[in-house]
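Undergrad: Going down the list, the sequences are from chains A and B. The working numbering numbers the first residue of the first sequence as 1232 and each following residue consecutively. The working numbering numbers the first residue of the second sequence as 1232 and each following residue consecutively.
Think of the hints as simulated: they come from the structure by calculation, not from any bench. Even glycine gets a Cβ: it sits at the ideal position worked out from N, Cα and C. The reader is advised that the hints may include incorrect statements.
[Claimed, not checked] Dumping the calculated DSBU-like pairs for lysine-lysine here, alpha-carbon to alpha-carbon at most 30 Å:
id, chain 1, residue 1, chain 2, residue 2
1, B, 1479, B, 1499
2, A, 1402, A, 1413
3, B, 1436, B, 1397
4, A, 1397, A, 1408
5, A, 1413, A, 1397
6, A, 1413, A, 1436
7, B, 1316, A, 1316
8, A, 1499, B, 1499
9, B, 1499, A, 1479
10, B, 1479, A, 1499
11, A, 1499, B, 1556
12, A, 1265, A, 1479
13, A, 1556, B, 1499
14, B, 1436, B, 1479
15, A, 1436, A, 1479
16, B, 1402, B, 1316
[As the list claims (entries may be wrong)] Over the 12 Å line for every Cβ pair with chain B, so calculated as not near, a few chain A residues:
id, residue
17, 1259
18, 1272
19, 1305
20, 1340
21, 1408
22, 1412
23, 1428
24, 1455
25, 1480
26, 1486
27, 1487
28, 1525
29, 1555
There are 2 protein chains.
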Amino acid sequence: MSDTRYDVIGIGSAIVDILSRTDDAVLTDLGMVKGTMALCTAEQSDRIYSRTGSAIEVSGGGAANTIAGIASLGGTPAFIGKVGKDKLGDFFTHDIRAVGVDFLGGVGTLPTATSIILVTPDGQRTMNTYLGACTEMGPDDIDAARIAASHVTYIEGYQWDTPQAKAGIRKACQAAKGAGRKVALSLSDPFVVDRHRAELEALIKDDVDILFGNEDEIFRLFQVGDFETAVGFARATNVLVCMTRGAKGAVVFDGQTTASVDAAPVAKVEDTTGAGDLFAAGFLYGYTHGRDLTNSLRIGAIAAAEVISHMGARPAVPLRDLLVKHGL
Amino acid sequence: MSDTRYDVIGIGSAIVDILSRTDDAVLTDLGMVKGTMALCTAEQSDRIYSRTGSAIEVSGGGAANTIAGIASLGGTPAFIGKVGKDKLGDFFTHDIRAVGVDFLGGVGTLPTATSIILVTPDGQRTMNTYLGACTEMGPDDIDAARIAASHVTYIEGYQWDTPQAKAGIRKACQAAKGAGRKVALSLSDPFVVDRHRAELEALIKDDVDILFGNEDEIFRLFQVGDFETAVGFARATNVLVCMTRGAKGAVVFDGQTTASVDAAPVAKVEDTTGAGDLFAAGFLYGYTHGRDLTNSLRIGAIAAAEVISHMGARPAVPLRDLLVKHGL
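Chain A with its partners taken away, still in its complex shape (with noise of 0.2 Å):
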């Protein structure tokens, strides 16, 4: 195998996440389920806009704040999405070059996605995307030489939601696998799970090394009520399931070997966006550094625990120091 380039490659949604606290009755008024994301147009999105409170605007996007989370442990990863010309899109475009990510991202002629992100008070979040630049993106943008260079490419279920980004998605995994790399998909969220759970098994079957999804995702995927159950499906399909619990910590299993975390601990759950983004940043830190399956996943609860102390889905402060910090 040659030298790898980078740790880690994301594909995934360019998004500017546009944060409110909210009260749980204003969720229900707009007929949001909480915790999940649901997409919008640009005219639902501006609804939605007009029935928030104040607001502070981030870089987000699931697949982005993993490879953010990499970059701030130390890792070297890098980034595939699609940003719109305009102010957003430079932001984006900022905020992960600027924590050390090679962004290879292209520009689109639709606006830059946003996602407004609703804070209820137990720091649940649940969000309404509007996809704008990112439906553009297509096999065009995928670099099959760096994804050939890349340890791990790393793939948001989200793209899912794209036709276009289904094929570049597939030619990346050629890529990938081509050049005996490894695959790892985020299951993103359970209603990607449900809108496409046929193609989502066949890629996991074909290509797919770690997954990473909750509790919820991952039983929703394989269609099993239990543990025990999940594990005989991991064995099966020959992954490496990586498995959040919330406040019960996080499980990996391959149907051979189980290791499981604690969640880390958190003064105050603030906002849990980008809590799965981050555990998967964590491990997959640690599984591209040479760590066992242990400590990969202490790296993600560390990481976890830092992204829901505060509001925002990018590290506040630099992971590398926390892992010192932790011996780790």
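Go by the hints and put chain B onto chain A.
TA: Then chain B, alone, in the frame of chain A:
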């Protein structure tokens, strides 16, 4: 005196803050004076931005922060400012309206103003402002009837950096004084005092009833070196001076009476952006709601403590809840 429509009407810059954590060495390297605001061109702003780390975007602007704070306290304020016809203008307009402010702003032809705010580990902020559409505000944007219907007209010292705005301020002062209303001025920044001392002195002598500034700004304006001499100047100019002293709290004096308050406790000072603005919000809320000087100072201290406990210059929680909690 006729009924008031607004407690406070603010006139100031409509700015979106771009907040980024940095080290002191970066400030030195970029030739910035810590704790102050420097004006910059669009090109200079771009150059500084390219040197800064990952950022978050939050609505800001000195007087706008104060007015948002008064709304958050339960007051009835309005704000006059000018945004660009762009996404950041939408954000600014949304955020100030969402908190309950009557935004009487216009839309200019230049981009919405931005301030790149570098926050050092001690929580101090150093600002680099591109004024954009703010420079297009002038007398036509000032609605004299609404000024006359406001208990207090609150002016930002920063407006002196914009020639057209000064003419607008003069019109506003005339309308306020003609209706027997009060005029308040924030000195905004020590360099503002140095740049425009003569004009500010004349304004204070003729029109200002309440003056806000930190110790450095007030002492520079009066060209004094100690508190007692400053009190003498307040007496001579017949102005109520509200002077913030950072961690030492705040003091208010008019030459006859002096009252002071300790700083409200803060677990960790994250970002001092907006400390003075929110102190002014609390004080003016108290002042326009019949509280005495001491209780007005207390409300100011509580509002300032909230805003320095997190990134960004707008309250993260409804300030009226904090008032209730403190029995004010």
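Undergrad: Hint compliance check: list the failing hint numbers for this structure, sorted ascending.
TA: Every hint satisfied by this model.
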